[in-house]
Amino acid sequence: METRRIGKPLKDNPYFTFMTWRFPEDEEFRIIGKPVPPKDYAKVTGEAVYVRDVKLPGMLYAKWLTSPYAHARVKSVDISEAKKLPGVIDILVYNDPDLYPPSYPQGLGAGWNIKIPDWAFVLPSEAVYEGQPVAVAVCADSPETCDEALKRVKIEWEMLPFVLDRDEALKPDAPITQYFRGQNDNVVRELPMSEGKTVFVQGDIEAGFKEADRIIEFEIKCGVNVTAGVEAYASIAWLHDDHLDLWIRNQLPQGMGLPVRFAAEVAGVPLNRVRVYQRYSGASFGGVTFLGTGAIPTILATLFSKRTGRPVKVLADYTHFSSLTGEEEGRYTFKVGFKNDGTVTAIKIRSNVTHGYAGLTIPGSKKLPRATAVKNIYCESVYPYVNKAPTVCYKHGTAETIPFIEVFNRVAAELGMDPTEVALKNDGCYGHPMHPDMDEIKKEQGFPVRDSLKECIEAGKRAIGWDEKWHPPGAKRLPNGKYHGIGFAWTKEWRAGPEVPFRHYAYVFFKMDGSVVIKGQRSIVGVTEPTTYCQIFAEESGLRYEDVNFDNQFLEGPMMTPGGSGGLAWNAAIMKELGIKTRQKILEVAAKHFGKKPEELTVEDSVIYEKANPQNKILFRDLVRKYFREFQDGIVGDGFQYVKGIENPPSPRKVYFWGRQVAFLEVEVDPETGDVDVKKLVIVNDVGRVINPHGVAGQQYGGGFMGLGRAMTEEIIYDPLTGVKLNDDLVQYYVLSMGDIFPVDCIAVETKLGYGAYGNLGIGENPNCLVRGVLRAAIYNAIGKWINEDPITPDKILKALGKA
Amino acid sequence: MNEKIEQKNENSSTAALTSTVFENNEFKTTATLIPITLNVNDKLYQVHAAPNWTLHQVLKDIIGIVSVKDMCLGHGACGSCTVLLDGRPVLSCLTLAVDCDGKKIETVEGIARNHPLIEAFLKHYSFQCGYCTPGFVMTAKALLDRKRDVTAEDVIKALSGNICRCGTYPAVLSAVLEAAKR
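Protein chains in written order, with this note's numbering: chain A, 28 to 831; chain H, 8 to 189.
Please note: incorrect hints may appear among the correct ones.
[As the list claims (entries may be wrong)] Derived CB-CB ranges, DEER-like: (1) K111/H <-> P41/A: 32 to 40 Å; (2) L103/H <-> P64/A: 36 to 44 Å; (3) R155/H <-> Q472/A: 53 to 61 Å; (4) R302/A <-> L103/H: 35 to 43 Å; (5) G71/H <-> K110/A: 27 to 35 Å.
[Claimed, not checked] A few chain H residues facing chain A, derived, Cβ under 8 Å: (6) I12; (7) D77; (8) C79; (9) V105; (10) G109; (11) V115; (12) E116; (13) P123; (14) L129; (15) Y132; (16) Y138; (17) R155; (18) V157; (19) Y176; (20) P177; (21) A187.
To be clear, the hints were calculated from the coordinates, so they are not data collected in a lab. Beta carbons: idealized from backbone N, C-alpha and C, even for Gly.
Using the sequences and the hints, build the whole thing.
In structure tokens form, the structure reads like this:
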């Protein structure tokens, strides 16, 4: 069976094409997979209101003090001058009893679920990184008054020793980074996500090395990048009428993110008196808002509203820009054994990486066993605390994908083999090869027997022109004097199935005019989630897409949070269930109307008619009007029956990992300046099934630009003498702009190998993670030298070439 | 044009009529607000503004224009607060409001829903979280108002001051190129 290329470039745009690869006989949908008008059009027309835009009558503002030092303790605070400033309403100081609610759940501040005295992170007396919200917060009649009042706060600081380097932090005489934790070292010991273990073992690593023909060792280092350039934190709280109204810039206000629970506790109201509004929200990319410090503005706003009786808006200042760091920072040391045919026999990875969210995965421990046939794997990691801002995931997975990509590309380079061949040779799952072992399991579980990696590679090779362009490293000098390079990287899909064992919900309600609203609580942060949900619902229900709306402000319907990744797999299943149930309901009610059986009827484009006699029909609008009592109670769905597997127990079935993602990159490297000119990026994702083509492409090129920026230009520079950041704003910290655009080919491969509805897979994280590895590979192919330190800046390339 | 002038903050509280300025190495509160008239999206507003207030502050906090965003929080680095000042794109966070007295200001709210740029941005999904999008639309409008026969390179150059953390650049380019042909 042969894959077929369908689709066309979206526009005569030399910088962008999008296409899908699909079997010709795959079913066609009416709305799914088709471009439709976006539901969140207000983002373009300027009508979209974000939390930072909201103004309420009598609203006050609040801001917090940020630490000017990498590590310091507040000895005393004098707020007398600040209090005198006209317009200042209230000031909270770190030792205020209101900051000690009875039982904050763990996890606030430093990352997800790290066990710490959590009150300390709302307004602590000890700052453990520069820019940390610390000691004082001011509530006033304007943001400017808050700024001025904070300047008038007199603080006596006790400067404390700090450490920035993760290796230094582990030495016996290293400065203690966080005294309040009561430890005498900097080791993070609490790792609930990995059950407290920092070692992952599969097979027999020493036997694997003995089996190998060759062994290589190398090391990768990644610098600090930050979330930079998203809507800064903001929260509004209004405690009135025995209710707490919240406007939250948060990707997941309910459930894991916890700010609603925190705020309710602070306000002293039961959860049934909390209302949450969050129509639009600036980018979050996963963890930017729902982990760690994202809860602080909500708690402060609630506290101030409780104390002042007025709505209070808390605004982060520009330090928000770098208040969260990327997960990949750290050092990864590799030892890899392999046979002369490219078969990898043993992988040993020792890493010293960030704490916080990323510290909860041992780099290499998830993707390598789940997506390769390598039998012997040993991963060990430490996560020392340092005096840098907490880590979050944003377009998560880099700390896992870096080791994955590097292993196979280095083996290919050592052997002089085509890296795509090495990839295919080692592709598999849980130590078993992809063929024939996985083929049998695919059949058993009702999946098509397709080879995701092979299809992705085939599509990507054609797009980049791999067979004509790939050459030995350092072998192609262009007439313009630059070196030509081309690289390849691969990894598995972002998880195989939805990743959390608890359920999510959404509801459908019917209106008298025949319109329908889907209600659930989730932020609108990304590639037009409402559109995707409405497409699925309309497809399954038989109603018109334009008759369906998605209302994202319904706290009682907590939906899965990420937009284009595992969240889509689950939320698509919810929408599918809602759509199917709606169709059944419509047909049951219409059966009464027509005096027929439901199976004799059908619904299409919001018209219900008799199959045998299409002239016998009724508009859905008229049906609802006539039988409104039948529709009045709405429909609820959790999607559980349409999700084929849940990755974490309790899972209805053993989950395997079949979806693959690849990237190809073509560059030119100037040996005189070290500049890298990106000529073309090809991102190929097995998405299982495309729901919204723009949604897929958006994740692909979006991840491509963010990923290459993080890999090439983005790095926070710390002053080693003070621990203070030196390029702490968007002027000096270089995020790729429109001026840095390069041609991108986005290819969606449709294999239906995903566990989500329609066999779909999440891809929100992979493009960003892949491009870092493919950049390193392409530069190696150009200059014949590995650059082992990220970001890969011109000075490092010149150094590798012996010119600096 | 609507000739009726809307008075915005003339009768505000005393606190709103004060402003803080930095003089002789200290902050001083002053009440010297200057009356200015702004033509925002073909509507006239009379506003009392302190000399140090930015156009962004006045548009957002006094007049109530929500589309002017603040991604870089006033550093002039992201383009999300871009508006057209007498047809020229400016960063409203770095433009003093008093310098705009009597001038014509356009924001994305003033662009018709069926404007080719709006339609093209929607068609190509040239937005993700949307926080930077109004800035892209306004910068692109300034380009197309000036020149219709644009190349991809023209568009890239014109929009090179705009940052989208979601990375929507290829789709923005598609939209602007398409709008230019209509």
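Each hint, compared with the structure:
Taken as a hint, the range 32 to 40 Å holds for the pair K111/H and P41/A, whose Cβ atoms sit roughly 35 Å apart. Take L103/H and P64/A: their Cβ atoms lie about 40 Å apart, and the range 36 to 44 Å holds. Checked against the hint of 53 to 61 Å, the C-beta distance between R155/H and Q472/A comes to roughly 56 Å, which is consistent with it. The beta-carbon spacing between R302/A and L103/H, approximately 39 Å, falls within the hinted interval of 35 to 43 Å.
Roughly 31 Å separates the CB atoms of G71/H and K110/A, a value that falls within the hinted 27 to 35 Å. Taking 8 Å as the C-beta cut-off, the interface hint given for I12/H is violated, the closest approach to chain A being about 22 Å. Because the beta carbon of D77/H sits about 7 Å from the nearest beta carbon in chain A, less than 8 Å, this interface hint is met. Annotation: C79/H was flagged as interfacial toward chain A, and the flag holds, the nearest CB pair being 4 Å apart, inside 8 Å.
Proximity of V105/H to chain A is violated relative to the hint, the smallest CB-CB distance being about 16 Å (cut-off 8 Å). The closest approach between the C-beta of G109/H and any C-beta of chain A is roughly 24 Å, which is over the 8 Å cut-off, so the hint fails. Using the Cβ-Cβ criterion of 8 Å, the hint placing V115/H at the interface with chain A is satisfied: the shortest such distance is roughly 4 Å. For E116/H, the suggested interface contact is upheld, since its CB lies about 5 Å from the closest CB of chain A, less than 8 Å.
Annotation: interface hint on P123/H violated; nearest CB of chain A at approximately 12 Å, more than 8 Å. Annotation: L129/H was flagged as interfacial toward chain A, and the flag holds, the nearest CB pair being 5 Å apart, inside 8 Å. Of the supplied interface hints, the one on Y132/H holds, with its beta-carbon coming within about 4 Å of a beta-carbon of chain A, less than 8 Å. Checking Y138/H against chain A: minimum C-beta separation of about 4 Å stays under 8 Å; hint holds.
Residue-level restraint check for R155/H is violated (minimum Cβ-Cβ distance to chain A is 16 Å; threshold 8 Å). Checking V157/H against chain A: minimum C-beta separation of about 12 Å lies over 8 Å; hint violated. Hint status for Y176/H: holds, given a least beta-carbon distance of 5 Å to chain A, under 8 Å. Hint on P177/H holds. Least Cβ distance to chain A is approximately 3 Å, under the 8 Å limit.
Using the Cβ-Cβ criterion of 8 Å, the hint placing A187/H at the interface with chain A is not satisfied: the shortest such distance is roughly 11 Å.
In terms of the numbered hints stated before, the structure departs from hints 6, 9, 10, 13, 17, 18, 21, listed from lowest to highest.
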